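Residue numbers (our numbering), protein chains in the order written: chain L, 1 to 364; chain F, 365 to 712; chain H, 713 to 1221.
The hints are all genuine.
Computed cross-link-like contacts, SDA-like style, restricted to lysine to any residue with a CA-CA straight-line distance of at most 25 angstroms:
hint, chain 1, residue 1, chain 2, residue 2
1, L, Lys244, H, Gly988
2, L, Lys244, H, Val1036
3, H, Lys990, L, Asp242
4, L, Lys244, H, Gly1027
5, L, Lys244, H, Pro1056
6, L, Lys244, H, Tyr1074
7, H, Lys990, L, Gly146
8, L, Lys244, H, Arg1075
9, H, Lys990, L, Met139
10, F, Lys661, F, Val697
11, L, Lys244, H, Phe1033
Stretches of chain L that chain F covers, calculated by requiring three or more beta carbons in the stretch to come under 8 angstroms of a beta carbon on chain F:
hint, stretch
12, 61-69
13, 174-186
14, 274-284
15, 317-323
Treat the hints as calculated values from the structure; they're not laboratory data. Since this is a predicted model, take the numbers as computed values, not measurements. Just so it is clear, CB atoms sit at the ideal spot from N, CA and C, and this is done for glycine as well.
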Amino acid sequence: MLTPGTRVNRLLRFGGLGVALAALLITGVVAVGALVAGGYDPGVALGALVRGAVGSPEQFFSVTLVRSVPLILTGLAVALAFRAGVWNIGAEGQLYAGAMAGVWIGLAAGDLPGWIVVPLVLVVASTAGAVWALVPTLMRLRLGVGEVITTILMNFVAIHLVGYMVHGPLQESRGVFPQTDALAAAARLPALIPGTRLHVGFAVAVLLGVALWLVLRGTVFGFRLRAVGQSPAAARITGRIDGKRVILVTFLASGALAGLAGAMEVSGRTFALYEGLSPGWGYTAIAVALLAGLHPMGVVAVGIMFGALEGGAGAMQREAGIPAAWVSGIEALVILAVLAAGQGRKWLVQTRLERGRPAEASVG
Amino acid sequence: MAVASEPVDFVRRVARLGLWLAFLSSACQPPGEDAGAPFQVALLTSGPVSDAGWYAGAYEGLQMIADSFGAHISHQQTRTPAEFDEAFFAYASSGYDLIFAHGFEYQDAAIRAGAEFPETTIIVSAGGRVAHNVIPLIFQLEEGSYLAGIAAGSLTKTGVIGMVGGVAIPPAEGTFDAFEAGAKSVRPDVEVLVTWIGSWNDVTAAKEAAVALLRRDVDILIHNTDAASFGVFQAVREARGDGRDVWAMGMNRDQNDVAPELILGSAVIRIPEGFVEITRLWYDGDLPGEAYYAGSKASLVDYVVNPARVAEYTPELLALLEETRTGIREGTVDIPRIQFVSDEEANR
Amino acid sequence: MTDSGAESASPPSVELEAIRKRFGPVVALDGVDLEAFSGEVHALVGENGAGKTTLMGVLSGVVRADEGVIRIAGRPVRLAKPRDAWAAGIGMVHQHLTLVPTLTVLENVALGVRSAAWGLRLPFDQVRSRLDALSNETGLSVDPDVVVERLSVGERQRVEILKVLYRDPRVLVLDEPTSVLAPQEVEEFFSVLRGLASEGRTVLLILHKIDEILAVADRVTVLRGGRVVHSGVSDTMDSGSLARLMIGRAVAAHEPPRPSEPGAELVRLEGVSARGSKGEMALRDVHLTVRRGEIVGVAGVDGNGQRELALILAGAESPEFGTVHLPDTVGFIPADRLGEALVPDFDLTQNVALALTEAPRYRQGALLRWGRLRSATARLMDLHGVGAPTPAVRAWQLSGGNQQKLVVGRELMRSQNLLIARNPTRGLDVAAGRFVKDELRRMSRSSAGEEGEDPPGVVVISSDLDEVLELSDRIFVLRRGRLLAVPEDRRTREFVGALMVAHAGDPSE
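This is chain L alone, in the form it adopts within the complex:
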């Protein structure tokens, strides 16, 4: 028996996947249209896209999954924060803070054995990300300043601080190029699958996704976090929940996840800090988190999907000669399609809501 109530629930529950598929479909149609209009062969281009993403185990592990790591981690950071009603738009800055701190400790402690240095890099980078989130957290909790604006401003501070660091205190020892020295082998993340570039960061990201899912689902803290995010007044008045404490913990955890993403990049991929390390993962993360319906396991899945899309985008440039601007445009279309599909889902639910209310009166 399907009552209207469960029908709406099912809609809400599977809405996330429906949105993802709808977004893919819309994007596919628009992308093909754009390619044809630009005079490119869509078959060749999309073939390259698919091959670049999942065309071989090598592509899948070394490209798609490697690219998904920062997207999953920042996506988890955003999803966790949004779940608690914390609008952390600052994953980008927190990522850079983690990258800076991770490189610094990795260079300073590079002589120690790997089983000490690597965890040290990850812990210090997470801490730095949390510290970077601490400023907006305190401004919200103590001064009531909205975190949307403060986290964005902290992004700018972090980006410029990276610029200063690679021209100044952290610049390579020869003092020529604006980058740090390369991390010693001990400070680099070990490979997850030997012979590929896939590093253990991917396993860490997936495990964190599972852990967050379990925390949100089963624990008292996770439940309180969701209550605070859904309805701060009901959480405070009925749930007797200390909302400020929940926000503090969540915000810092979100910053730590984003900081960890920065460490994974410098310690797992680039082995040095550069300006422009991130192409905006902290912002793409918002799309990842929303497309995943803020569900941690959804974030893992969507992060891999976005990793595939970006990996495939590189192949589109190389094999099909599509200019980077077109490829970026197609990626932007995906995000737009996500937003449109998300709005469509909201509309769908609202329509059901309006039609559902009187029905529920009769159900009762």
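Assemble chains F and H onto chain L, guided by the hints.
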């Protein structure tokens, strides 16, 4: 947002989607190597090749290589250092013979890729690390800017000349050191003012810096930026509109026709010709396992007098410029240079 | 079915014939016939979930009927969307008010006006003169230049009605309009409704309270389980027969209040003053004690410090001045169901869990025991008759009455020393309201429960005067932030009602 209580289902569905994609991909075969082409050449840039400057020159070079050698070419714009390894691997593993990585930022990844793919040759523009198959391509722009300095030192009336720089990295600083040395070689008491704006493309910042310098009595302004140079030219144009007798000079590419009424000349690097030259050496097996310096000798660097403003130059000055150019080629004129190339394999 | 034939000279202004509506497998309306004539006040009554709201939805174009015919003044119409209802001359006054609080009355009314020049300028002058005329005509007086957020709830409702009347509907539909009004305001409101009817309009309204139905309605249609079980002139009914029609059986007379035997002191407020959400002084120098085993009633119109007093008693907020002594476990039934009591997008189990995260029975270290929470929720739904197919539906999907049952039941589940209840029976039908009242009394009289402790104390803060009079051992009135004690010998509707509304129309303080 709703809590999906069946996320396992969700993951399973996404995984199924992945399988479909994998199936699709196996259906379309990768393009075979271009059988007709003698070899394959790739270019990596970290900026758009539509910039009418540094990256555009590289892309033009790539196309000239296709035209002159019949090579199969490909280009990828990378957005982040994290993509470098992936791009090198993708090109090297699909059989590309020569990869131009157009910027110092590629040097570490190039060394890693070079070690993994000894058969592939990687050229790193303005790079600082050398391996047997990883070759820095150094454009000696300081030679052109030394000549520009001679012209500026001779033509200034106030005795103050200025420079607006993008990002203060050694290759850029080197061009300004040479400019200053050139100016002082003809007028030892000349005053030289420098401002770095911290960006290659920020037109507004460049214009503000130029206006400030012009206010301090500068009457000839040179720059070393990319798109930001338009800000410098605009500041000079407005000062000339106010009746001041001030001039600008171009850098990197021949900008004489950008604003013929106010540009005295340009210190240029000929990136496309440099790429073709490198490819020729590689093709003939003559490419040495060390940094390649592209300078006046091969006419890859020069100072180009603006034909529309040649009247500003005295015949004596034109003669001096020609004489110095020859001197640089023959090694008789000493100009300041920065040495930043190290041998990675030797260091290991 | 209809036992009044006198009006048959002109066709009914509203005529519904065999209206059916299904939501999935659930039949909400099962062949409903209804006739309402111009010049009459027609009450639509029934228990929670009888189909009243769905029927109103059909009339206002929000819900599309599956079968059946709707005739307005004898002509069949299709009501597929709200605009169709407007075009047919049906005006709907919503239960939840739809005014913009930061705009003036005039601006709010003008917003609802369609104008050829919209986008450039709203026709304020025209709206003002018409609004004045409407006010004079109906007796619904309100200052057009006051910002809505400064108005009392009753005044806002007047604005809401004026906004609808502005379009001159022939049929006026109102959903539970009296739930936000004080007793004296209800009287006044009913005379306005009768005035509107006497001008030839049809007034259709949903009502819950039997005495109100008998006071205002010319005719009554009783719905039960999606069918009309009775439709007739109200003069032929009394409260007993009407209640029987609504529930389908006789309502047990409630047990007379046993005299309380107050025990130890639980609550002591001394000189408590607190600010409201806009920084105004919402509570002034309040003194109050509550003992075990007694029910203290605080009557008053919402917005006179009710929220602040409740939150302080519940331990959720601290006062600006004064001292507060509270017992360690306090249960709380907030007034704002979907804002403060429930998380709308949580399912029912999660909403029950919200109040129980500290309870050791439902925890295992840092984890919640969802199995136990689910069965506890199922028991609660069963005990209190919460109408929902499964505990997995979201709180927002429940009707208001069912939400209230869940909130009240949840608090009754917990063992506590003190229970603060705001409007505990608002939105409940007669039987459910009776159940809640009995539970509250039983709780306060029992030598409480399993642990054999002394009974808890209960504070009922309510705008429903009858509820307060019926339940309370001691009665106070909270008006403009001051708590006034009602002497034992003056516990009458008239006296307490007068205390509640004196100067209540002056919100400026």
